[in-house]
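Number of protein chains: 2
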Amino acid sequence: MNFTIQNVLIATENAYLTLDVQVIDGKIAAIAPDLDVVGNTIDGSNKLLLPGFFNAHTHSSEMWQRGIMSMLPLELWLGELYDFAPLDLEKVYLSALGTAVETLLSGGTSVVDHLVLTPGEELETIAAAVRAYEEVGIRAFIAPLIQDRSLTAGIPGGESNQNCTYFRSTAATLEIIEEAVRQFHRPEAGISIVVAPTGIQLCSDSLFIGCIELSDRHDLCRHSHLLETKAQEKLAQEKYGCTAVEHLQRIGYLSDRTSLAHCVWLNDNDITILAQTQCTVVHNPLSNLRLGSGIAPILKYLQAGVNVSFGCDGASSNDSQDLLEAIKIGSILHNTTDLDYHNWITPRKSVEMASLGGAKGLNVADKLGSLTLGKQADLVMYDLTSLSLLPRTDPIGLLVLGRPINVVHSAWVNGKQIVSNGQVNTIKVDDLQQELFKRSQWETQRKSPTVAEIETHYRQVMDI
Amino acid sequence: MNFTIQNVLIATENAYLTLDVQVIDGKIAAIAPDLDVVGNTIDGSNKLLLPGFFNAHTHSSEMWQRGIMSMLPLELWLGELYDFAPLDLEKVYLSALGTAVETLLSGGTSVVDHLVLTPGEELETIAAAVRAYEEVGIRAFIAPLIQDRSLTAGIPGGESNQNCTYFRSTAATLEIIEEAVRQFHRPEAGISIVVAPTGIQLCSDSLFIGCIELSDRHDLCRHSHLLETKAQEKLAQEKYGCTAVEHLQRIGYLSDRTSLAHCVWLNDNDITILAQTQCTVVHNPLSNLRLGSGIAPILKYLQAGVNVSFGCDGASSNDSQDLLEAIKIGSILHNTTDLDYHNWITPRKSVEMASLGGAKGLNVADKLGSLTLGKQADLVMYDLTSLSLLPRTDPIGLLVLGRPINVVHSAWVNGKQIVSNGQVNTIKVDDLQQELFKRSQWETQRKSPTVAEIETHYRQVMDI
Chain A
1 MNFTIQNVLI ATENAYLTLD VQVIDGKIAA IAPDLDVVGN TIDGSNKLLL
51 PGFFNAHTHS SEMWQRGIMS MLPLELWLGE LYDFAPLDLE KVYLSALGTA
101 VETLLSGGTS VVDHLVLTPG EELETIAAAV RAYEEVGIRA FIAPLIQDRS
151 LTAGIPGGES NQNCTYFRST AATLEIIEEA VRQFHRPEAG ISIVVAPTGI
201 QLCSDSLFIG CIELSDRHDL CRHSHLLETK AQEKLAQEKY GCTAVEHLQR
251 IGYLSDRTSL AHCVWLNDND ITILAQTQCT VVHNPLSNLR LGSGIAPILK
301 YLQAGVNVSF GCDGASSNDS QDLLEAIKIG SILHNTTDLD YHNWITPRKS
351 VEMASLGGAK GLNVADKLGS LTLGKQADLV MYDLTSLSLL PRTDPIGLLV
401 LGRPINVVHS AWVNGKQIVS NGQVNTIKVD DLQQELFKRS QWETQRKSPT
451 VAEIETHYRQ VMDI
Chain B
1 MNFTIQNVLI ATENAYLTLD VQVIDGKIAA IAPDLDVVGN TIDGSNKLLL
51 PGFFNAHTHS SEMWQRGIMS MLPLELWLGE LYDFAPLDLE KVYLSALGTA
101 VETLLSGGTS VVDHLVLTPG EELETIAAAV RAYEEVGIRA FIAPLIQDRS
151 LTAGIPGGES NQNCTYFRST AATLEIIEEA VRQFHRPEAG ISIVVAPTGI
201 QLCSDSLFIG CIELSDRHDL CRHSHLLETK AQEKLAQEKY GCTAVEHLQR
251 IGYLSDRTSL AHCVWLNDND ITILAQTQCT VVHNPLSNLR LGSGIAPILK
301 YLQAGVNVSF GCDGASSNDS QDLLEAIKIG SILHNTTDLD YHNWITPRKS
351 VEMASLGGAK GLNVADKLGS LTLGKQADLV MYDLTSLSLL PRTDPIGLLV
401 LGRPINVVHS AWVNGKQIVS NGQVNTIKVD DLQQELFKRS QWETQRKSPT
451 VAEIETHYRQ VMDI
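Listed in order, the protein sequences are those of chains A and B. Residue 331 in the UniProt record's numbering is what sits at position 331 of the first sequence, and the numbering runs on without skipping anything. Residue 41 in the UniProt record's numbering is what sits at position 41 of the second sequence, and the numbering runs on without skipping anything.
Keep in mind that the hints were calculated from the coordinates and are not lab data. Please note that a few of the clues may not be correct.
Think about it this way: if two alpha-carbon atoms lie no more than 25 Å apart in a straight line, the pair counts; the simulated SDA-like pairs of lysine to any residue are [as the list claims (entries may be wrong)]: (1) B:K300 <-> A:T337; (2) B:K349 <-> A:I271; (3) B:K234 <-> A:K428; (4) A:K230 <-> B:E455; (5) B:K230 <-> A:V461; (6) B:K416 <-> B:I464; (7) B:K375 <-> B:P86; (8) A:K349 <-> B:A15; (9) A:K300 <-> B:I10; (10) B:K234 <-> A:A32; (11) B:K428 <-> A:S386; (12) B:K428 <-> A:T337; (13) A:K447 <-> B:I10; (14) B:K349 <-> A:A11; (15) A:K349 <-> B:E455; (16) A:K428 <-> B:K375; (17) B:K300 <-> A:V461; (18) A:K349 <-> B:I10; (19) A:K300 <-> B:T385; (20) A:K349 <-> A:K428; (21) B:K428 <-> A:L387; (22) A:K300 <-> B:D338; (23) A:K300 <-> B:K428; (24) B:K230 <-> A:H342; (25) A:K230 <-> B:P86; (26) A:K349 <-> B:S70; (27) A:K438 <-> B:L17; (28) A:K230 <-> B:Q417; (29) A:K447 <-> B:P86; (30) A:K438 <-> B:E455; (31) A:K230 <-> B:T336; (32) A:K438 <-> B:K375; (33) B:K447 <-> B:L17; (34) B:K349 <-> A:S386; (35) A:K416 <-> A:A32.
Among chain A residues calculated to face chain B with C-beta under 10 Å, some are [to be verified]: (36) A15; (37) D36; (38) V38; (39) N40; (40) I345.
Built from N, CA and C at the ideal position, the CB exists for glycine as well.
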């Protein structure tokens with residue numbers, strides 16, 4: 001697993017240098033001009049080398065419903081999603097493969113899969129995803145999505161929240177996660193388990209506290225949705241009489257290894273709390289737009305010193321896993337929120353958020369997220385001769401602000417090359433395409449019984 | 001130029017049918033199951049056929065500066081753009097080729113090029129673009145960008161507007177356009193000239209009125225920027241004591257063949273005027289975000305019955321010419337502006353806006369924009385077996401809401417096939433890439449003297 005990349009463009013603080021990069025035993029061993037060749041030689045000419053990005057929030061199995069979900073806000077959209085979501089384990093495996101491949105081919109070398117568990121086959125679901133990520137070779141943080149309240153509990157408005165008992169006890173849910181840690185948590189091999197209560201809308205304090213305890217005992221990261229919608233903001237006030245952030249701080253959930261997806265509806269005091277507790281915000285701009293959740297105040301987070309990374313979110317609310325698309329839109333979207341362009345996110349800042357920001361959110365910034373000697377070689381090399389990156393101007397500007405197509409030439413995780421010449425070389429992508437094709441059919445209209453059932457109440461409480 | 005597409009998916013009102021399509025003499029002659037083969041046979045299985053989209057607003061030569069422009073609002077960004085914009089005619093030709101290729105490979109068969117003219121070589125600039133579009137075979141509406149005030153006139157705030165005399169007289173400018181009409185306006189051959197005063201910020205009433213007269217005399221469409229920024233809204237009040245829309249209505253510029261790019265800062269009365277005058281709004285979501293211009297009230301336009309189409313805008317403010325990206329973001333962006341999801345744009349509506357909406361804006365809806373018998377065969381066929389369009393769900397949902405990559409299998413303009421098997425077959429794209437590569441270099445930092453000169457004033461009048 002030793003190799004030397006020759007003559008590759010590397011970003012310095014404000015410019016680029018053409019350098020060689022030595023990787024030894026999966027780590028970056030040297031970055032300098034004219035290095036001795038160690039191991040294989042890789043031609044880096046007319047290519048740009050960056051640290052791999054993090055797809056810091058997704059739900060892989062949603063891939064099966066991308067393109068078909070109605071135009072609905074989150075609370076109703078979830079109803080439709082779950083009405084049509086019965087998945088077999090082979091489908092779980094295939095959509096994890098698909099998520100890994102699309103992430104890799106758009107610059108990501110790590111994925112945080114907030115994985116929906118099939119009831120009764122929870123550990124098998126995790127095993128299927130683990131198998132997929134290990135086969136592809138992408139670094140995976142598997143965050144089994146858990147809750148202990150049923151779906152309607154997520155909509156504000158008292159009365160509807162009566163029969164929200166979940167089919168499985170909080171204790172049984174926590175036991176599943178602990179067993180998952182025993183079976184699958186192998187960070188050094190590229191698979192980590194993350195505790196991941198879905199969010200305040202569907203989780204009791206007991207579940208959060210159980211997750212905190214597991215996180216402390218096994219040194220696990222924590223991952224949740226936070227205030228994705230205005231409805232959740234209302235719900236937090238109903239449940240706690242304070243903001244969700246204040247409540248989560250009170251019970252001790254917020255920490256430097258807690259990453260929080262969305263964070264659209266936070267107030268200024270909440271933002272201060274996130275900064276103080278060193279939480280990470282995972283920005284998912286495309287699903288926030290698609291579901292009409294709102295525009296997360298990302299410039300405010302950055303100004304307050306909150307770490308921010310990017311996620312694609314599940315492919316049913318995006319409807320893709322193209323990380324470069326999420327980075328672009330998640331960067332330029334905020335220019336409309338602040339007249340002072342000095343506060344806007346620059347392409348180099350976007351790259352830092354997508355790489356080092358992702359690593360910080362998963363408590364691995366000492367090992368990943370930058371081209372630093374001694375760090376693990378999770379690297380992506382972009383072909384700058386692609387039409388979509390021409391004419392030649394600023395490579396990072398073209399990559400982040402453009403619409404790069406077929407530009408990932410090579411990718412390595414832990415020094416192992418898993419993309420070469422633009423092709424994933426660990427699995428047969430053609431076979432994956434055939435399987436996805438075979439197990440699906442073109443559809444148009446579906447009617448979600450759950451949406452029909454809850455829509456009137458939703459419109460009423462949201463004053464629509 | 002006769003051919004028959006067999007077994008291709010065609011969207012009906014709410015579903016899809018697998019049908020054959022006959023094209024005879026460049027026109028759609030029949031759409032039905034099991035048609036007799038006329039001319040060449042094209043295999044449409046596992047493919048979706050749609051009318052070609054319109055890239056309804058761009059500036060092709062901006063391609064030379066994509067990726068490198070600083071993060072600035074329009075008024076300053078223009079300063080930087082023009083500081084570094086000296087182009088030779090060969091570059092004009094090459095960037096028009098690049099714009100055509102990227103548009104085609106993302107579903108567009110028509111392009112509106114609001115073409116920046118090289119001073120002293122105005123007709124030669126137009127000739128270079130015409131040559132490029134004719135070679136590629138894309139349908140082109142060339143809208144030579146004209147003005148008769150210099151750049152600083154576009155910034156509100158009285159004093160700075162003293163020395164804004166333009167280097168060429170209004171009459172001379174209009175003469176150039178009339179000569180361009182004589183030399184290049186051949187709608188039946190796929191090249192149309194459009195009168196295109198850049199906008200109220202840099203044009204006198206005389207220029208607008210001269211354009212109206214040319215438009216009436218030669219039956220030309222009209223195309224302008226309109227209220228892209230808050231600064232322009234201020235400026236209109238300074239110049240006219242009323243809104244820009246009120247003023248343009250008063251002088252007779254608004255009509256059913258007038259298309260207006262951006263329209264971000266219109267009030268409700270302005271929207272009513274656009275509806276009454278049957279103008280078209282061209283939505284350029286990516287440049288509106290990139291330049292921090294704001295979010296155009298597109299849902300309000302649609303509710304008022306205003307026709308809306310999509311544009312990529314120039315590649316320096318986007319920084320791509322991927323029409324599917326503009327359509328996606330231009331559709332989902334507005335979900336954040338209206339809590340009532342019944343008003344959100346559906347994928348089928350997006351397709352209609354991008355095709356028929358584009359045709360309406362250019363006064364050619366009787367000939368283009370839908371799969372209708374007797375219309376010209378400007379068609380795009382998408383390969384539904386691409387990984388980015390799998391698993392199979394709703395093809396149009398996948399195409400509009402996903403991140404389609406390498407999905408355009410075939411494209412025809414006027415019945416002539418110009419993309420086959422995913423490759424443009426009229427020009428050598430490899431050669432284009434080499435030329436773009438050769439004539440450019442990787443850059444990082446540039447300092448725009450114009451920005452340095454006007455920034456203080458801009459920040460002052462915009463209260464930043």
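Going down the list of hints, with the structure as the test:
no., hint, verdict
1, B:K300 <-> A:T337, "holds (20 Å)"
2, B:K349 <-> A:I271, "violated (38 Å)"
3, B:K234 <-> A:K428, "violated (58 Å)"
4, A:K230 <-> B:E455, "violated (38 Å)"
5, B:K230 <-> A:V461, "violated (35 Å)"
6, B:K416 <-> B:I464, "violated (52 Å)"
7, B:K375 <-> B:P86, "violated (41 Å)"
8, A:K349 <-> B:A15, "violated (44 Å)"
9, A:K300 <-> B:I10, "violated (46 Å)"
10, B:K234 <-> A:A32, "violated (53 Å)"
11, B:K428 <-> A:S386, "holds (14 Å)"
12, B:K428 <-> A:T337, "violated (42 Å)"
13, A:K447 <-> B:I10, "holds (22 Å)"
14, B:K349 <-> A:A11, "violated (42 Å)"
15, A:K349 <-> B:E455, "holds (23 Å)"
16, A:K428 <-> B:K375, "violated (43 Å)"
17, B:K300 <-> A:V461, "holds (24 Å)"
18, A:K349 <-> B:I10, "violated (44 Å)"
19, A:K300 <-> B:T385, "violated (42 Å)"
20, A:K349 <-> A:K428, "violated (35 Å)"
21, B:K428 <-> A:L387, "holds (12 Å)"
22, A:K300 <-> B:D338, "holds (23 Å)"
23, A:K300 <-> B:K428, "violated (47 Å)"
24, B:K230 <-> A:H342, "holds (17 Å)"
25, A:K230 <-> B:P86, "violated (49 Å)"
26, A:K349 <-> B:S70, "holds (13 Å)"
27, A:K438 <-> B:L17, "holds (19 Å)"
28, A:K230 <-> B:Q417, "violated (49 Å)"
29, A:K447 <-> B:P86, "violated (57 Å)"
30, A:K438 <-> B:E455, "violated (58 Å)"
31, A:K230 <-> B:T336, "holds (11 Å)"
32, A:K438 <-> B:K375, "violated (36 Å)"
33, B:K447 <-> B:L17, "violated (56 Å)"
34, B:K349 <-> A:S386, "violated (32 Å)"
35, A:K416 <-> A:A32, "holds (21 Å)"
36, A15, "holds (5 Å)"
37, D36, "violated (26 Å)"
38, V38, "violated (27 Å)"
39, N40, "violated (26 Å)"
40, I345, "holds (8 Å)"
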